[in-house]
Structures are given as C-alpha cells and as structure tokens.
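**Q** Residue numbers (numbering that gives the first Met the number 0), protein chains in the order written: chain A, 0 to 536; chain B, 0 to 138.
I should point out that these hints are in silico values taken from the structure, not numbers from a laboratory. Errors might be hidden in some of the hints.
Said to hold, decoys possible - What the simulated footprint calls covered on chain B by chain A, stretch by stretch (three residues with Cβ under 8 angstroms from a Cβ of chain A suffice, anywhere in the stretch; the number is not a length):
#: 1; segment: 45–56
#: 2; segment: 84–97
#: 3; segment: 119–125
What the hints assert, rightly or not - Now the stretches of chain B that chain A is said to cover, found in silico as 3 or more residues with beta-carbon under 8 angstroms:
#: 4; segment: 59–67
#: 5; segment: 107–115
As the list claims (entries may be wrong) - Not the full set, but computed from the structure, chain A residues with beta-carbon under 10 angstroms of chain B:
#: 6; residue: Val81
#: 7; residue: Ala245
#: 8; residue: Ser283
Ideal Cβ positions, reconstructed from N, Cα and C, are used throughout, including at glycine.
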Amino acid sequence: MTGFGGSAQSWSLVAFCAVVALTLLLCVLTGPEADDLAEFYTGYRSLSPLRNGLAVAGDYISAATVLTIGGIIALCGFDGIVLALSALLSLLLLMFLLAEPLHNTGRYTMGDALARRHPARSVRVTACLVTLAALVPMMVVQLAGVGELLAYVLGFNDAGMKNGCVAGAGVLMISYAALGGMPGTALVQIIKTVALLGSGLVVSVLILRAFDWQPQALFHAAARQSGADDAYLTWGLQYSSSPHPALDMASTQCAIVLGGACLPHVTMRMYTAGTPRQVRRAMSWAVSSVTLFVLMLTLICTGATALVGHDRITAADAHGTTAYLLGARAAFGAGLSRPESLLFATVTTAVFLTLLASVASMTLACANTLAHDLTASRPVPWAPARELALARCGALAVGIPTILLAVLAQHRSLQPLATVSFTLGASAIAPALLYTLFWRRYTRTALLATLIVGTLSVLALAPGTTLVSGTPLSAFPDADFDWFPYNTPALVSVPAGFLAGWLTTVLAGRRAADRERSRYASHEHHLLTGPPPRRSP
Amino acid sequence: MSFDIPDLPSERSSYERRSPTWSTGPEPDGTRPAGPRSGAHRTLRLLRRAYRWHRRVATITALGYFAAFLALTVKAPSLMARPGPGGLPTGLLLALAQIPVTWLAVLLYEAAAHRFVDPLARRARRHLRAPAPDREQSP
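Next comes chain A alone, as it looks inside the complex (with noise of 0.2 angstroms):
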C-alpha cells in the first residue's frame, strides 16, 4: 500500500520512538507541582513571547490542517489555497480583535472570560459543556487519522494493529495533558512547530528545486497532472456537486474565519502570557509561522499533484489526506540516500507529533474547563491540589471515550466531524465572546441564548449536511438523508447564534440594558489594562 521503501519507514519508526520517549520525559520533567494550579493552567504566565507564540501556532497548526486542507489543496488546487488563507485570516483576525482583552478578562479557561462580565454558575457550566462539544468532534479527528497515518508510513494493514495505534496515542495524549499541564503540552507545541517549519522548508525548497526555481511552472505543472487543467487554478472544482456552490462556499470559509481561530484550545494561550503587550508579541509570532506555514502546505501539496499526480493520491486515499507526505516523498526523488531517508523521517515524524500535540493541547483544554469551570462557582473553592487532581481526572474522563469514537469512526470521512468543531466555534463561541467583550448591553440571558442556540442549531443540522451523506465522499456513502444541501451548517448556524444573542438582549428591556451598561463600565478598565503583572515566583 505505501510507496515508501523500507529504509525510510525503519527510520520513521525509530523517529516516533525517539519523540515519543523524548517528549514524555520532557512533560514530566516540566510539569507542575502537585497543589500548583496557576502553573498547571498557565505555567505562571512566564513564557516568552517567541515560545508562547511558537506553541500558540503549534496549537493552531492541527493535524485537520496538515492533512484535510492539503488533501484538498492537491486535489482541488484554488479552493484549497482559498480554505488555508482563511483559517490563516481566522488567526489573524484573533489577533486584531480577541486576543488582548481576552487575555485581560479571562484567567484559565474560556468561562473565565465570559463568567467576569456574567459571574453565574449557568455561564460556567454552559461554556464547559460548549467546550467539549466543539473539541471533542476535533480530538476524534485527529486520533482517528493517528492509525491511518501509522499504517500508511510504516506499512501494515492489519485493522486490529490501528486500531492498537489509536489507543497507544490516546494514552500518550492523556499522559502530555494530566502530566505536562500548560508547560508540558506549551513545550510539546514548540518542538513540533520547530519540526514542522524546519522539515518542511527543506522540502519546499526541494521542490521549488525540481521546478526550476519557478513557482508558474510548478503551479502549470500541477494543473495537468490533476486531470482538471485549468480548472485546478480557478474557483469551483470543490463545489462542483453542490447545487448552490457560491453559496456554499461562502458559508465554508465563513465557518473557517469565525471559527477556527475561536475555538479553545487556541484562546487558552491567551492566557499564558504576561502582558498585553507580550500577547500581542507572541501573536505576532503565531501568525507569521502560520502564515510560513500556508505557503509551505501550498507548495508541498500543489508539489504532490504535480510530481506525484492525481489518481496515485486519490489511490492513496479518497480525499488527498496523505498529500503533504506524498508530496514530501516524491521532492527528495526517486531512491533515497541515508540522509534523505532521515529528512524524510523527519517529515513523517513532524505530522506523527503535530497529530499527538494537537490532541493533548484539546484534552487539556477540556479537562481545565471541566476541573476549573464545574467548581469555581461553589461558595467554598476547592483547595487547589483537589482541584489540580480533578482537572486530571478531567483529562482521562474526556481521554478514554475519545479514544473509543476514535476507533469507531477511523474508517470513515473525517471532515464532517471538523466541520461541526469549526462551525461550532463560529455560532456559538465567536459571538459569545465579541458580544462579551464589546457590547455593553449584552445580558446573562443573551449569553446563554448564544451559546444554546448556536450550539443546538450546528448539532441539528450537521447530521443533514452532504458531508455526511449523499455523496461518494460523504462519512456514510450508502446513506442518502442529506436534506440541508450545503457542506456546513454555518449558513443557517452562524446568523443564528448572532440573532439568538441580539433579539434576547434587544428583548430585555431598557432596565436591563441600563444594569448591564454600568456592570460593563464597572469592568472596562479591566478589559483595556488588563491585570497586574504577576511575578514567577
């Protein structure tokens, strides 16, 4: 099945041993006290500007990216150049707007930002419960691709053997977020967004190489190896079976830019670091390596089409998931010394711990929402060695049923599991979280109106869409219940989550109004300043 010979995947496989003993030890060593919490959550808020955003693009960088939006930028060129632009747009777009007064207002977790305006259990509880249904769909994404991805490096085929791999990779991912906390996964983040900037810059460069240095020619080249011609280079190939392509188009990348940057695993590094200034530093950071990044996923992936060509991908798998190593293979030639075989490794390797950092940044995100967000509404705060032991407890409680979706839903299309984590995050968190921060008039009610709505209507209508069935790509191909004809909820989801949270608030009354404009006031210098300096002790 795999086209990699055998000197490569011996390497890949010492490679994943090395960085799994490594990293692991690296968690341990770097991870908190036991009745330490502020280190656990947010490892004091002392990491620097260069590291925070290095593991705030590590974070962002997900496996979904690496190989879903490849996949689709080597199958279907423009539209998936168009989808990395805007899950880069969605980062930037956090940048300019969320990041600082989301570091201001917000402690540990998401429900810390919004329960400082609206301080009630429902809040806390409800922002918990939004959490986990926007992350866990992601986390099942990307342990399920752990397997297939195992499979496809080292070679077997045995399902018994991956679905081994998927448990053996849960495990691992419980172990970073219980063990590690926020230093030990921020650490995990930093080495695998070094290692996947480094490998791939190499192989981009290998492959400008093979083109002559002349990005046309690879981009021309591309094109007539994907079987579309010049349509590979124009809007419209992805939404060809779709009746109302525009419309879904607009609606994906609505979904991307609102949600993706949203979503909590990547806000809870607002949180760790010091000042507003130096969030805004390490965001800079963040989106000049995701920026970095995009152009590099480009290259490799129209890099794959071009050296490799269309029908071996879509041989490899159904929709271009194995592009960005394929692509990767195929810049280094057609035999490899024993230096390229370690660089190759090295590639392999980088997506092997892009798909396990990912993972453990989520199960941490989730076990601090359900430790920090379910007891700190209680009169009497728990002491912080009961709540740190909660928080890991937290991590197996999410970890293990995780696991299990996994393994049930690796042999399906994974994308409408993505989709449902992005369009969540743009109906539900996204206005939630700018009605939080900017409007004055926002009220308790709206805030839960948001979040309810917004989630409900994503939960409801993700089932219909043609993600799911209806098409030869969908997750269940046989099945035909596909009555919401557009590849993502957002369309309907995202006005609802944003009209749920204005038409409660416009409802409530100018007494209300007025209560929650003097509350805002009684916050703003908070919003704008943020909180003191904290010394690391």
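Starting from the known structure of chain A, fit chain B onto it as the hints suggest.
**A** Frame of chain A; chain B shown alone:
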C-alpha cells in the same frame, strides 16, 4: 527561519520617545491630577478610543480584503481566470499575494499599537495602580 520581525523599540526606550500629545495629556508626567477621578477617566476614555480605532481599522481592512477577494472569485470568474504575470490566473496571484500581505499587516499592527496604544495603556495602568489593584479571587 526566513522571516523576522524587525526590532521595534523596546518598552523602556519608548518612555524617552516623544509620545503623541493627546496620549500624554495636559498634565505633566508624574503629577497627580487635581480632581480625584478626572485624570484616570480621561486616560481610560482615550485608551478606549485608541483601542477601538486600532481594532476597527485592522479588522475591517483584513476582512474587507478577503471578502472582496471572495466576491470577485464568485461573481467575476472570468476576470479572476484572466492570465496575469507568469501565465497564472489573476485569482491565484491575488490569493498568493495574501501571504506577504499578512506579514506586512502584522508588522503594521505591531508598530501602530506600539505608537498609539501602549503609551496610553501604561498611563492608565499607572493611574489604576494608585487604588489597590483588584483581581478576581486569587487561588
């Protein structure tokens, strides 16, 4: 890495730099305003306005460019398919141009924040330090 953010002046040195007059305000540095609240409130108001403009301009520019690009892609496919320099379609070139534009946007955003927002934020924080700093219940 192939890119870097040029060194902006550090936080300390910007104390020496001349700040825009509206950010330093009428009262000279170091003296408390006569009224108990007027100085702090004025600074907060200025800071709010600076943040708001900073955020609005940045967000509308970024979103506007992308929305215009998407609208052109969908509504004027023939224009976007017209070959540009290098024989590549104009749409693809406009898409790829967003990569350097993003780097530029980050640099401009940082520089503008450093010039217009940071001095005010520092002043607001100094004003607020006078009363006891409040922080939601600490662990």
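**Q** None of the hints should be skipped; say for each whether it holds.
**A** A quick look at each hint next to the structure:
Note: the segment 45–56 of chain B has 4 residues with beta-carbon separation from chain A under 8 angstroms; the three-residue rule is met and the coverage holds. Three residues within the 8 angstroms Cβ limit are the bar, and the segment 84–97 of chain B against chain A gives 9, so the coverage statement holds. Check on the segment 119–125 of chain B: 3 of its residues sit with their Cβ under 8 angstroms from a Cβ of chain A, so the three-residue criterion for coverage holds. Chain A is given as covering the segment 59–67 of chain B, and this holds because 3 residues of the stretch bring a CB closer than 8 angstroms to a CB of that chain, at least three being needed.
Only when three residues or more bring their CB closer than 8 angstroms to a CB of chain A does the claim for the segment 107–115 of chain B stand; here the count is 3, and the claim holds. Proximity of Val81 of chain A to chain B holds as hinted, the smallest CB-CB distance being about 6 angstroms (cut-off 10 angstroms). Proximity of Ala245 of chain A to chain B holds as hinted, the smallest CB-CB distance being about 4 angstroms (cut-off 10 angstroms). About 5 angstroms separates the beta-carbon of Ser283 of chain A from the nearest beta-carbon of chain B, less than 10 angstroms, and the hint is met.
Of the numbered hints given earlier, the model fails none.
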